[in-house]
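Q: Take a look at the letters that make up each chain.
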Amino acid sequence: DQQVKQNSPSLSVQEGRISILNCDYTNSMFDYFLWYKKYPAEGPTFLISISSIKDKNEDGRFTVFLNKSAKHLSLHIVPSQPGDSAVYFCAAPSGGSNYKLTFGKGTLLTVNP
Amino acid sequence: GAGVSQSPSNKVTEKGKDVELRCDPISGHTALYWYRQSLGQGLEFLIYFQGNSAPDKSGLPSDRFSAERTGGSVSTLTIQRTQQEDSAVYLCASSLDHREGVYGNQPQHFGDGTRLSIL
Numbered sequence: 001d002q003q004v005k006q007n008s009p010s011l012s013v014q015e016g017r018i019s020i021l022n023c024d025y026t027n028s029m030f031d032y033f034l035w036y037k038k039y040p041a042e043g044p045t046f047l048i049s050i051s052s053i054k055d056k057n058e059d060g061r062f063t064v065f066l067n068k069s070a071k072h073l074s075l076h077i078v079p080s081q082p083g084d085s086a087v088y089f090c091a092a093p094s095g096g097s098n099y100k101l102t103f104g105k106g107t108l109l110t111v112n113p
Numbered sequence: 001g002a003g004v005s006q007s008p009s010n011k012v013t014e015k016g017k018d019v020e021l022r023c024d025p026i027s028g029h030t031a032l033y034w035y036r037q038s039l040g041q042g043l044e045f046l047i048y049f050q051g052n053s054a055p056d057k058s059g060l061p062s063d064r065f066s067a068e069r070t071g072g073s074v075s076t077l078t079i080q081r082t083q084q085e086d087s088a089v090y091l092c093a094s095s096l097d098h099r100e101g102v103y104g105n106q107p108q109h110f111g112d113g114t115r116l117s118i119l
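Those protein sequences? They're chains A and B, same order as listed.
Using our numbering, you'd call the opening residue of the first sequence number 1 and step up by one each time.
Using our numbering, you'd call the opening residue of the second sequence number 1 and step up by one each time.
Just so you know, these hints were derived from the structure itself, not from any lab.
Some hints here could point you the wrong way.
To be verified - If you want the footprint, here are the derived chain B segments under chain A, 3+ residues with CB under 8 Å:
| hint | region |
| --- | --- |
| 1 | 39-52 |
| 2 | 76-84 |
As the list claims (entries may be wrong) - Pair ranges (Cβ atoms, derived):
| hint | chain 1 | residue 1 | chain 2 | residue 2 | range |
| --- | --- | --- | --- | --- | --- |
| 3 | B | Thr78 | A | Gly16 | 28 to 36 Å |
| 4 | B | Glu44 | A | Ser10 | 18 to 26 Å |
| 5 | A | His76 | B | Glu44 | 25 to 33 Å |
Said to hold, decoys possible - Once the Cα atoms are required to be at most 27 Å apart in a straight line, the calculated DSS-like pairs of lysine-lysine come out as:
| hint | chain 1 | residue 1 | chain 2 | residue 2 |
| --- | --- | --- | --- | --- |
| 6 | B | Lys57 | A | Lys100 |
| 7 | B | Lys17 | A | Lys105 |
| 8 | A | Lys105 | B | Lys57 |
| 9 | A | Lys54 | A | Lys100 |
| 10 | A | Lys105 | A | Lys56 |
Note that the structure is a prediction, hence the values are computed from the model and not measured.
We put the beta carbon where it would ideally sit given N, CA and C, even for glycine.
Produce the complete structure using the sequences and hints provided.
A: If you want it as structure tokens, here you go:
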């Protein structure tokens, strides 16, 4: 049973436009969420996180929005750059801990020049 | 180094052999985690260290798996008598102390993993 779901396996956007990556979760007890970016043959790279006491966190071109009532979060990348092309994972600590990360299956973002 | 370092990056060995995987966390990170990802599967938690202690070993799949951490830094994951189902990418991550009352929630920073293939 997937507790963190990314329903879009891929997304393609034009350079300079906004990329919106979505993630849904099932457990209302989750209180901390993270986004990671991954290139082939590399480990996940931490991008940005958000605590459930907030509904928005911004870091440069990256903004994460959290809608607790809908159990939904999204990552906005503005403006998108070709170097952003990678697989993006949302994750949350689960299993009654604040460290056992469970990951979604990822969304492959392609930013076209 | 600036990031989490894992070695070797690739390991191919015969069934029944023992293997040792190494993780060098980010300097100053007291928490260290091992995960593995089998082909087509999600990330599976194995073990968590706080300093040199492992308060949570619940993810280790069998007693053939063990891990230690020394000096609050380098960690070694050992798999004895390897089986083909042990083939996976083994990822190590580290973070600042995430315990409540210390820093609270902390992002985990991952190494590039060791790709283990058992023939």
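Q: Against which earlier hints does the structure fall short, listed by number upward?
A: 2, 3, 7
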